[in-house]
Amino acid sequence: MHEQVVNRQPITHIEQKIGAIEKHTEQYKTDMMLYRDRIDIDGDSYPIAEVFDISYRYKENEVGFLYLHTSHGVRSYYITENPESFISSFREVEQK
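Just so we're aligned, residue 20 is where the sequence shown starts under my numbering, counting upward by one.
Some hints here could point you the wrong way.
Restraint-style ranges between C-beta atoms, simulated for each label pair [what the hints assert, rightly or not]:
{"hint": "1", "residue 1": "39", "residue 2": "110", "range": "44 to 52 Å"}
{"hint": "2", "residue 1": "49", "residue 2": "92", "range": "15 to 23 Å"}
{"hint": "3", "residue 1": "80", "residue 2": "39", "range": "19 to 27 Å"}
{"hint": "4", "residue 1": "90", "residue 2": "23", "range": "20 to 28 Å"}
{"hint": "5", "residue 1": "114", "residue 2": "24", "range": "17 to 25 Å"}
{"hint": "6", "residue 1": "32", "residue 2": "80", "range": "16 to 24 Å"}
{"hint": "7", "residue 1": "62", "residue 2": "111", "range": "20 to 28 Å"}
{"hint": "8", "residue 1": "40", "residue 2": "90", "range": "40 to 48 Å"}
{"hint": "9", "residue 1": "78", "residue 2": "46", "range": "13 to 21 Å"}
{"hint": "10", "residue 1": "114", "residue 2": "81", "range": "28 to 36 Å"}
{"hint": "11", "residue 1": "101", "residue 2": "33", "range": "41 to 49 Å"}
Computed list of lysine-lysine pairs in DSSO-like fashion (alpha-carbon distance at most 30 Å, straight line) [claimed, not checked]:
{"hint": "12", "residue 1": "48", "residue 2": "36"}
{"hint": "13", "residue 1": "78", "residue 2": "36"}
{"hint": "14", "residue 1": "48", "residue 2": "78"}
Note that these hints are calculated values from the structure, not bench results. The beta carbon of each residue, even a glycine, is placed where N, CA and C say it ideally should be.
Please build the complete structure, drawing on both the sequences and the hints.
In structure tokens, the structure reads:
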């Protein structure tokens, strides 16, 4: 039986690649997935009990940052969509 996703937040990975004679930027998109007991991001899993907070800096039509405050430190992610719905869902899950 598959667990139900409570909410998802699109995130963008931006990586600098350096070749023999050039440097370029690669981007790919994925989703941060909120479940009742954890947050999953590209194979990394953070139990809700280890996530202390989620904060962000975002302006419409710009790349922003989402910060996942965990017991293992702060993880930052690039975002291009407002994360308020995701954070609100996290707060509801966190309180249960």
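Hint by hint, here is what the structure shows:
The supplied range of 44 to 52 Å is met by residue 39 and residue 110, whose beta-carbon atoms lie about 48 Å from each other. The hint said 15 to 23 Å for the Cβ distance between residue 49 and residue 92, and at roughly 20 Å that hint holds. The hint said 19 to 27 Å for the Cβ distance between residue 80 and residue 39, and at roughly 35 Å that hint is violated. Against the hinted window of 20 to 28 Å, the Cβ-Cβ separation of residue 90 and residue 23 comes to about 25 Å, which satisfies the hint.
With their beta carbons about 19 Å apart, residue 114 and residue 24 fall inside the hinted range of 17 to 25 Å. With their beta carbons about 20 Å apart, residue 32 and residue 80 fall inside the hinted range of 16 to 24 Å. Under the hint 20 to 28 Å, the C-beta atoms of residue 62 and residue 111, about 25 Å apart, fit the expected range. The beta-carbon spacing between residue 40 and residue 90, approximately 43 Å, falls within the hinted interval of 40 to 48 Å.
Distance hint for residue 78 and residue 46: a CB-CB separation of about 18 Å, consistent with the stated range 13 to 21 Å. At roughly 31 Å, the beta carbons of residue 114 and residue 81 sit within the given window of 28 to 36 Å. Distance hint for residue 101 and residue 33: a CB-CB separation of about 19 Å, inconsistent with the stated range 41 to 49 Å. Annotation: proposed proximity of residue 48 to residue 36 holds, straight-line Cα distance about 17 Å (limit 30 Å).
For the suggested pair residue 78 and residue 36, the alpha carbons sit about 27 Å apart, so the restraint of at most 30 Å is met. Between residue 48 and residue 78, the direct Cα distance comes to roughly 18 Å. Compliance with the 30 Å bound is thereby established for this hinted pair.
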